[in-house]
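**Q** The lines below spell out each chain.
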Amino acid sequence: MIELRDVHKAFGANRVLRGVNLTIGSGTSVVIIGGSGTGKSVALKCILGLVTPDSGTILLDGQDVTRGDRDAFLARFGMLFQGGALFDSLPVWQNVAFRLLRGSLKRPLTEAREIAIEKLRRVGLKPDVADKFPAELSGGMQKRVGLARAIAAEPEIIFFDEPTTGLDPIMSGVINELIREIVVEMGATAVTITHDMRSVRAIADNVAMLHDGVIQWTGPVAEMDNSGDPYLDQFIHGRAEGPIEAVR
Amino acid sequence: MSFILSFLAAIGRSTLAWLAGMGRFAIFAGETVSHLARPPFYMREFLHALVQIGWLSLPVVGMTALFTGGALALQIYAGGARFNAETVVPSIVAIGLTRELGPVLGGLMVAARVASSIAAEIGTMKVTEQIDALTTLSTNPMKYLTLPRVLAATLAVPVLVGVGDVIGIMGGFLVGVTRLDFGAGTYLKTTLDFLETWDVVSGLIKGAVFGFIVALMGCYHGMNSGRGAQGVGGATKTAVVAASVLILAANYVLTEVFFST
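Protein chains in written order, with this note's numbering: chain A, 1 to 248; chain B, 1 to 261.
Simulated from the structure, these hints should not be mistaken for lab results.
Check each hint, because a few of them may be wrong.
As the list claims (entries may be wrong) - A partial selection of chain B residues facing chain A, derived with a Cβ cut-off under 8 Å:
1. Gln-130
2. Ala-133
3. Thr-139
What the hints assert, rightly or not - Chain B is nowhere near these chain A residues, computed Cβ spacing over 10 Å in every case:
4. Glu-3
5. Val-65
6. Thr-66
7. Ala-75
8. Arg-121
9. Lys-126
10. Lys-132
11. Glu-136
12. Gly-139
13. Pro-169
14. Val-184
15. Arg-239
16. Glu-241
The beta-carbon is built from N, C-alpha and C at its ideal position, and this holds for glycine as well.
All chains, please: the whole structure from these sequences, using the hints.
**A** Here it is in structure tokens:
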């Protein structure tokens with residue numbers, strides 16, 4: 001279980017997180033929604049320690065994430081970045097097997113390659129993609145490779161940062177389905193950031209809306225449409241009129 | 001009065017920002033060196049950096065040394081003729097190249113080629129979240145990106161300087177023999193007679209320091225790159241300028257330390 005307790009983070013005068021409280025249960029799929037620039041990515045990066053919160057506590061299974069063995073902590077996570085964040089200088093299979101080629105999870109080269117090809121197959125890519133470089137792939141294929149890399153070491157917790165941004169509707173649907181299938185299949189805890197409502201309905205067990213630096217609303221996805229929260233209503237229906245200022 | 005106060009406040013802010021920048025850079029340099037003693041060491045990355053920084057810089061450093069050696073021979077001959085001292089050409093070319101021009105010009109050429117490419121590569125990795133991805137994959141970016149490049153440059157640039165010294169002396173030799181009527185044997189004998197081991201070794205030490213500066217500036221500015229294409233462009237430019245200025249400053253300090261009496 002991941003818990004964020006009163007997490008604050010500011011960049012200069014810009015107070016991005018102003019007291020975020022959120023609990024993510026083990027084995028559940030939580031989608032964090034909110035407008036651009038509301039701090040969704042910052043919240044995820046705070047959990048991973050890529051950004052240090054100004055105050056507040058983040059707990060993983062009751063343990064403060066800033067304490068303990070950092071390698072062991074990170075080994076529990078996989079992450080799909082918004083732009084894929086694939087390493088340009090490495091072929092696809094080495095991107096996927098990156099974690100299996102070094103560090104505590106190191107495997108023999110041939111075994112790591114086999115696992116990479118199997119994970120590529122799992123996300124719908126053929127083995128011949130393995131020896132290509134990321135620059136040779138389309139945006140959708142890069143997302144799939146990023147997804148394969150996120151699941152390669154079979155992590156307990158997977159973060160998805162805007163998994164469908166920049167993809168056409170069909171490819172978005174494919175990625176959404178893949179994420180849902182993989183999360184269910186692995187029994188992993190999933191946290192997804194998106195403002196694509198199709199993704200929310202396809203992926204989420206629970207939804208949390210981040211607005212003005214705090215969690216504005218949280219609850220099961222089934223209750224989202226009848227929440228009675230004017231902020232959430234405006235966001236999920238994409239209305240220009242409402243309590244959220246359209247120009248930010 | 002308020003104008004003076006704002007002026008002083010602006011100076012104070014700039015000074016504090018400069019000191020903070022120096023502090024960040026010092027911490028970055030210290031952290032890089034400290035990783036030498038802490039495993040893991042990424043050998044493949046190191047060997048790759050060695051090829052990129054050392055082997056692939058050979059043509060540009062070699063060409064620079066060749067033409068510099070030739071031009072130096074012509075200049076010293078012309079200057080020496082004013083004092084009837086044309087015969088000093090071989091020894092001055094050798095000493096000038098090994099002590100000063102070899103390491104400094106080699107360092108500056110490597111700065112132009114390597115600091116820019118390191119800063120642009122790491123800066124792009126930063127803005128495309130590849131550095132964050134490394135961290136989430138349990139890989140320390142300082143160990144994986146910075147240390148191999150800094151170590152490779154520190155070891156490769158002295159070798160480049162050594163090769164550059166030989167090629168530069170060869171450039172002087174070719175001009176001396178073909179244009180200035182020196183005998184081939186006499187030119188080489190004079191070069192070897194007057195050249196001391198310390199002339200060469202001091203240049204190689206300078207090369208190691210310049211290599212360290214070049215790679216460190218490339219990595220530091222890449223890691224601290226701003227967002228977008230403009231941020232990466234700015235980081236690349238700053239890395240080359242800072243590396244070049246630091247090379248020239250370090251050259252003066254090292255020359256004082258090595259040769260002042």
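**Q** All hints, please: hold or fail.
**A** Status of the hints after comparison with the structure:
{"no.": "1", "hint": "Gln-130", "result": "5 Å, holds"}
{"no.": "2", "hint": "Ala-133", "result": "4 Å, holds"}
{"no.": "3", "hint": "Thr-139", "result": "7 Å, holds"}
{"no.": "4", "hint": "Glu-3", "result": "20 Å, holds"}
{"no.": "5", "hint": "Val-65", "result": "13 Å, holds"}
{"no.": "6", "hint": "Thr-66", "result": "14 Å, holds"}
{"no.": "7", "hint": "Ala-75", "result": "6 Å, violated"}
{"no.": "8", "hint": "Arg-121", "result": "21 Å, holds"}
{"no.": "9", "hint": "Lys-126", "result": "24 Å, holds"}
{"no.": "10", "hint": "Lys-132", "result": "17 Å, holds"}
{"no.": "11", "hint": "Glu-136", "result": "16 Å, holds"}
{"no.": "12", "hint": "Gly-139", "result": "13 Å, holds"}
{"no.": "13", "hint": "Pro-169", "result": "25 Å, holds"}
{"no.": "14", "hint": "Val-184", "result": "22 Å, holds"}
{"no.": "15", "hint": "Arg-239", "result": "31 Å, holds"}
{"no.": "16", "hint": "Glu-241", "result": "32 Å, holds"}
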